[in-house]
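Participant: Chains as they are written, first to last, in the numbering used here: chain A, 1 to 415; chain B, 1001 to 1415.
Hints were generated in silico from the structure; no laboratory data involved. Built from N, CA and C at the ideal position, the CB exists for glycine as well. It is possible that part of the hints are untrue.
[Claimed, not checked] Here are the simulated distance ranges between beta carbons:
1. B:Met1001 x A:Arg35: 34 to 44 Å
2. B:Leu1237 x A:Arg35: 47 to 57 Å
3. A:Asp323 x B:Gln1250: 58 to 68 Å
4. B:Arg1009 x A:Lys285: 47 to 57 Å
5. A:Glu43 x B:Gln1095: 45 to 55 Å
6. B:Ser1046 x A:Gly206: 49 to 59 Å
[Stated by the list, open to error] Below, simulated PhoX-like cross-link-like pairs (lysine-lysine); rule was C-alpha separation at most 20 Å, straight line:
7. A:Lys216 x B:Lys1281
8. B:Lys1322 x B:Lys1281
9. A:Lys16 x B:Lys1239
10. A:Lys351 x B:Lys1016
11. A:Lys351 x B:Lys1109
12. B:Lys1270 x B:Lys1281
13. A:Lys109 x B:Lys1351
14. B:Lys1239 x B:Lys1351
15. B:Lys1224 x B:Lys1016
2 protein chains.
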Amino acid sequence: MSIIETLSRDAAQAAKTLAQVDTQTKNTILLDMARSLRDNSFEIRSANLIDLASAEQAGLSHAMIDRLTLDGDRIEAMAHGIEIIATLPDPIGVQRDLSTRPNGLAISKMRVPLGVVCMIYEARPNVTADAGALCFKSGNAVILRGGKEALHTSKVIASVLQKVLKQYGLPASLIAVVPDPDRALLMELMQQRDTIDVIIPRGGEGLINFVTEHSKVPVIQHFKGVCHLYVDKDADLDKALALLLNGKTQRTGVCNALEGLLVHSEVAPKFLAMAATALAKHQVKINCCANTQQYFAAAQVLSDEEFGQEYLDLELAVRQVKDFDQAVAHIHRFGSRHTEVICTENELTAKRFQRTVDASVVMVNASSRFSDGGELGLGAEIGIATTKLHAYGPMGLESLTTEKYLVNGDGQIRA
Amino acid sequence: MSIIETLSRDAAQAAKTLAQVDTQTKNTILLDMARSLRDNSFEIRSANLIDLASAEQAGLSHAMIDRLTLDGDRIEAMAHGIEIIATLPDPIGVQRDLSTRPNGLAISKMRVPLGVVCMIYEARPNVTADAGALCFKSGNAVILRGGKEALHTSKVIASVLQKVLKQYGLPASLIAVVPDPDRALLMELMQQRDTIDVIIPRGGEGLINFVTEHSKVPVIQHFKGVCHLYVDKDADLDKALALLLNGKTQRTGVCNALEGLLVHSEVAPKFLAMAATALAKHQVKINCCANTQQYFAAAQVLSDEEFGQEYLDLELAVRQVKDFDQAVAHIHRFGSRHTEVICTENELTAKRFQRTVDASVVMVNASSRFSDGGELGLGAEIGIATTKLHAYGPMGLESLTTEKYLVNGDGQIRA
């Protein structure tokens, strides 16, 4: 049996043990994990320095190195994240009644773990702790396959968590790390559909496409975030401006930042004049339709096909729309089903937007930047799904579970 | 653009229209579809005769020809099935509140269609009507790719449904039939991950494996049904016998029939004597462990590796287990996560079984034969998932939907 087969089989075996552990024990273990991360801060940072040295030698980008770096604050944030997971309600075992059939059979559903979750990610060592804790709380084993850039750090973090598991008599293979970033092992990992229940890739579009292309295990995908703010004719324009600036400038390199602004023609003259001044102050580069060029100095005019870019930078696409329907049509053509926002004081228009727009998060009068698991009250998130099967949008604990049917009778047979 | 690309793109486009149609209109259309199937009974049966003639010429098995045949009763059953779907609650638009955040943001979830569902199936023409109606009610477009054996019948059934859609100004491509059973088209269909949201194969293990192997679109799998009855030491043995006979003999060629019997050693002598007589009357062939051979004349003794067969016939595997844990271990090793049954009067043991056993339907004192969508109160079913992602067990309307997040604020921005 190969390394990967052994790892996956052991994880599946370990998951069966964990499914029987009660909530209180799981929470106690999580709190111990948090404490243990703090206690081992020195070891984690030492391993991180090795990864950082290789990263600099390899000439990785500043953004990549930033993501890779773990300082005291970030380790504290990881530990605190695990403490929050300990306070969240346990989805496992939750039961809901469906019906009692005419023959007396009582039908209900019970929430159960998926089994084995495999995370494939790049250079974020915090995923190791976040995913480890979320999967543990939701009763799943996790197989962590991080990029080679963060491998030393990930291994130390995982070994800290594993030590705690062992103290409670639980198998270390509940939180398993693929020990080698070799691509052949990754390919083999993606074939283990008898033992792995789901693969969640986190990273750039290239990684997601690669995994989707090669995996025989079901994949939950998180594609890019091309999020829009639609300023309706009934918008409060001051609110709209605040949402625009927050969505575009508060943090740019993230998938829930705004990439597009749509403005109803009735309020376009007034709002675009306000927006132009404010965006210029933040040095936001503007790409716009021919109708709105007049408001922006040095804007680049986009053709109809050039909308829909994920800039991940101080750059924004702007378009005037003649009405609600044109706004929704634009969103459906160019959006990525991540997060879409309307600014309006008209409740009917707001409801219509939320019902009509096909995106995982549809907001009224709120910044797109709230679109993440923590801000939506899910605790940490394991990812944000932009495809619809199983999960759609930020994925918390419940997304790592499924439901089985329970049928209770007193000897009923089928006629 | 190829036939398949056009078909899939049209279906995705049509799905957007359907997402906006209200429940009452959908139900009216469904009732019209049922009426129209009855009115076109002659045309459907004529097409069916063509398929039956080819099937006989091709020497298809009796079971296959039986599945293919549509008589008046079966057309009536199809029509009635659609009428039941019209009476079921519409999952679309159902909203549940999650929380109000400290900053005042109200978080909720709204149920929405998946988009485009693709059914790949073999010779059952009724799938065309069932899947067409279930997908329509749940707001999805459906692409139907049936086997060549039933193609004439399926096309006529679909065209009857499409005519009704057109009468209401809806696109016929909501219920699309792949017009040609060519394998190259099937391969192409399974690559359309930009337009098709899920593929549900229905048929034998070969078909399911083929689709899983080649599809780039997410697949919901329905593998075989290796269902067990565990007769606990606290079982009512008369109930147990009734459950055994019903599960094994009421209908044999189905996935929710019993294939295995596990008996606690304490009640084995008494129960196996009862079972042997009754099973002999029904001419059930017995394969058993060495410990139980004494009870069955002419039984074949199975080695440890030979359990876990899906017989789909009057044939049963019997094993004596020393306790509850050994029963569960056997189920986890040899079961197919379809349906597992315990017979016991001990409520604690029953609860423990339902919590512990990893299967999509876990029953107490009820026949495994109840494990289908209709019997569980879901109305018709689109399939039975034996993998856990998205759906697990019989899939009704809700399984054809997902939930998006709604966020409602009054101008909140992120600090």
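Participant: Okay, which hints does this one fail, numbers in order?
Facilitator: The structure breaks hints 1, 4, 7, 8, 9, 15; every other hint is satisfied.
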